[in-house]
Amino acid sequence: SDLIGKSLAAHSYRHGSALDCLGPYPHLHAWSRFLPAGVLETLPWDTAPRPCLAECWTPDSVTSGGCQAQEHSFIVRKMDRQTTQSTTASATDAVLQSPVANDACSVAGKVWQLSQDALGCRQVQDALEAAPSNEVRAALAQELRGHVPKAVRCKHANHVICKCIATLEPRSFQFIVEELAVRESLVMQFAKHRFGCRIIQQLLKYAPACQLECLTEVLLRDLHLLVCHVFGNYVVQMLLESGTEDQRNGIIFYIKKKLANIGRTLSGGGVVGAALKHAAQEDKVWIARAVSQDTEVLKSIASTRNGSDTVELVLQALDGHEIESARASLTECAGTPDASTFGSPVAAVPALHVTITCDAKTPGFAPRCCGA
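Under our numbering, residues 1 to 372 are what the sequence shown spells out, in order.
If you're looking for bench data, these hints aren't it; they were derived computationally from the structure. For clarity, every value in this text was computed on a predicted model and none was experimentally measured. Accuracy of the hints is not assured; some may be wrong.
What the hints assert, rightly or not - Listed below are the simulated SDA-like cross-link pairs for lysine to any residue, each with C-alpha atoms no more than 20 Å apart in a straight line:
id	residue 1	residue 2
1	Lys284	Glu312
2	Lys256	Glu322
3	Lys277	Glu332
Using the sequences plus the hints, can you model the full thing?
Structure (structure tokens):
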């Protein structure tokens, strides 16, 4: 009992009243086994302050040698550790009990299970957005470790993966990159998958280029399999938008080389449009001229979902006489039976109504698009 009293007194110098440091914390079981039997029952557990303990047993007076000194030191360290843990636990509980963290608490421990359900995946996405800190958000995302390939193919869980990429710091979703790139064949499978292409696009948008080298190397090597693919073309478009300059130049070089084949497909038309939007000016002019000189390619591009925007980009990159030639080609093919896709006839393309005006600052003609 004398040893325990000295330990409590020494502990009180760091954390206030010795009895106060024991009473509020429910961790006595962690160190009470080291106390002599019956000692806890004899201690006064009322909440009244007892400064007499600190006055009677100060650190200077605790000079017991041998085994008792070692036991005293051990008990004090144990009590200090439990007090620190209790303070941390109290702060964590306060955060988790806040209204902002209610969503995080409700999905913790069952993120993967909920992610596979239509309603559950929305609940997990809300929890990721409402998480009180990056640490809590990362802890929730870690529950998906080992399930990424299956989640990418799931019509519900793929949205959770996208949300993780959009809300986490890049280092926190590194496990997603690693599980996608575990085999090169998987990278191409995901890039051509209706849900997997979304994940690749999100990574290209939010992750630094150095983090995705294992993915982009495979994508650029097998570019010919993606450019005209119904889902893979969106990955190529995102590479043109968010990739490095070298990656963009490599894609542009391939498009210029295979433009006649790429431009004749609906999926390839979207890639040509992205190239016209993100390429260097000299490349834009080259692609625009090649497109305008091939009637079939021009008609195919104009008939895609965003064909009107692409045709405008083509005409904006051309000179006056080239615009007239392209407009004549579009007007000619506007009446053909296959000239309408997605309910938008080629004749209604705003770019057909381009007025050639003279630029006062630059001699010659410059195209200017207008609505009618």
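Check your understanding: So which of those numbered hints doesn't the model satisfy?
Key -> 3
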